[in-house]
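Engineer: Chain residues, written in single-letter form:
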Amino acid sequence: MTKTMTFLLASTALTIALGATAWSATRIMDDEVLPTAVQSQMDSRDLSPLIFVNDDDDEDDDDEGEEDDEEDEDDDDDRRKGARHEDDDDDDCDDDDDEACAGGPRNPAPAGSTAPPANGLFGNGAPPKAVTN
Amino acid sequence: MKSLLAMLALTTALTVPGLATARPVTLTTTMNAYGGDGAYLALYVTDASGAYVGSLWMAGGKSKFYKHLTDWYQATGGDPAQINGITGASVGAGRTLEVTLDLADALFDAGYTLHIDAAVEDMRDSPNEIAVPLTTAGAGASVPGRRYIANFKYEM
Chain A
1 MTKTMTFLLA
11 STALTIALGA
21 TAWSATRIMD
31 DEVLPTAVQS
41 QMDSRDLSPL
51 IFVNDDDDED
61 DDDEGEEDDE
71 EDEDDDDDRR
81 KGARHEDDDD
91 DDCDDDDDEA
101 CAGGPRNPAP
111 AGSTAPPANG
121 LFGNGAPPKA
131 VTN
Chain B
1001 MKSLLAMLAL
1011 TTALTVPGLA
1021 TARPVTLTTT
1031 MNAYGGDGAY
1041 LALYVTDASG
1051 AYVGSLWMAG
1061 GKSKFYKHLT
1071 DWYQATGGDP
1081 AQINGITGAS
1091 VGAGRTLEVT
1101 LDLADALFDA
1111 GYTLHIDAAV
1121 EDMRDSPNEI
1131 AVPLTTAGAG
1141 ASVPGRRYIA
1151 NFKYEM
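If you're matching them up, the sequences are chains A and B in order.
Sequence positions in the first sequence follow our numbering and run 1 to 133.
Sequence positions in the second sequence follow our numbering and run 1001 to 1156.
Keep in mind that the hints were calculated from the coordinates and are not lab data.
Mixed in with the good hints, there may be bad ones.
Heads up, simulated DSS-like pairs for lysine-lysine below, C-alpha to C-alpha not over 27 Å straight-line [said to hold, decoys possible]:
#, chain 1, residue 1, chain 2, residue 2
1, B, 1062, B, 1153
2, A, 129, B, 1062
3, B, 1153, B, 1067
4, B, 1064, A, 129
5, A, 129, B, 1067
6, B, 1153, A, 129
Which bits of chain B does chain A cover? Going by a derived footprint, with three or more residues having C-beta under 8 Å, they are [as the list claims (entries may be wrong)]:
#, stretch
7, 1089-1096
8, 1135-1143
Virtual Cβ for every residue (Gly too), placed ideally from N, Cα, C.
I would like the entire structure built from these sequences, with the hints used as guidance.
Structural biologist: As structure tokens, this is what we get:
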């Protein structure tokens, strides 16, 4: 009888321990109450400052003139503030794009691929030749 | 026999002016060491009243940059048809571009002026950097530029 009582008490204690753990976990999910370490990590995600590791704006703004120098200073300020740097290039196209902009004129035909325009300046002799030294 | 001679004389008379109306002309443009990317150059001609007549050469193949060749763009609207077949690569700093064209004789000593607009990426535009009257007497004479072009001359 004593052995039976001991066994029942041990199993009850084990059940209570497991049940309490499971119940407390369920409460955390319902109430979104997080442990302290997790809570601090989650709370800090909106407060952390933006850090630009790499500025992919490769434009060299070192133009001549005072006005351009002032623009450079403004650009630097923007970077320090962490603001997204606007593209100073008034050209909407990507400089690396070999094609003409959408909706813009096409690139002209290179020399040798077609006859010069009939503007009255050219004769009918040899095609244009260009050499760069 | 007489009719054959007459026909030969007629064909010769028609052919010779055709051969004489154009000649090869070399346009030589030497760039300064301005310390930038390759320069876009527009070589074009205006008549005695200053009206645009036509283009002779375009150095630089991307039409999206042509708006920086201010005067040429204003005259043509950047129309690529103006420079089809007469477009080559841009010209680097310190380099010399030599373009040989078959040009009409009527261009010379008739009040026409050859202009060059220049532009370099991220640097100031330089419209009408060269303006030189097209005369037979002026052939071979070097004309200095203002910003990117060291000098220009045409020879025939």
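Engineer: None of the hints should be skipped; say for each whether it holds.
Structural biologist: Hints, one by one, checked against the model:
Using a Cα cut-off of 27 Å, the hinted pair residue 1062 of chain B and residue 1153 of chain B holds, with the two alpha carbons roughly 26 Å apart. At most 27 Å may separate the alpha-carbon atoms for a hinted pair to count; residue 129 of chain A and residue 1062 of chain B meet this at roughly 19 Å. The hinted pair formed by residue 1153 of chain B and residue 1067 of chain B meets the criterion: a straight-line CA distance of about 25 Å does not exceed 27 Å. In summary, the hint linking residue 1064 of chain B to residue 129 of chain A is supported, as the alpha carbons are separated by about 24 Å, within the 27 Å threshold.
A hinted pair counts as satisfied when its Cα atoms are at most 27 Å apart, and residue 129 of chain A with residue 1067 of chain B qualifies at roughly 25 Å. Distance restraint check for residue 1153 of chain B and residue 129 of chain A: the Cα-Cα separation of roughly 16 Å lies within the 27 Å cut-off, and the hinted pair is therefore satisfied. A count of 5 residues in the stretch 1089-1096 of chain B with a Cβ less than 8 Å from any Cβ of chain A is obtained; the coverage claim is therefore met, three being the minimum. With 0 residues having a beta carbon nearer than 8 Å to a beta carbon of chain A, the stretch 1135-1143 of chain B misses the requirement of three or more and the stated coverage is violated.
Consistency note: the structure conflicts with earlier hint 8 alone.
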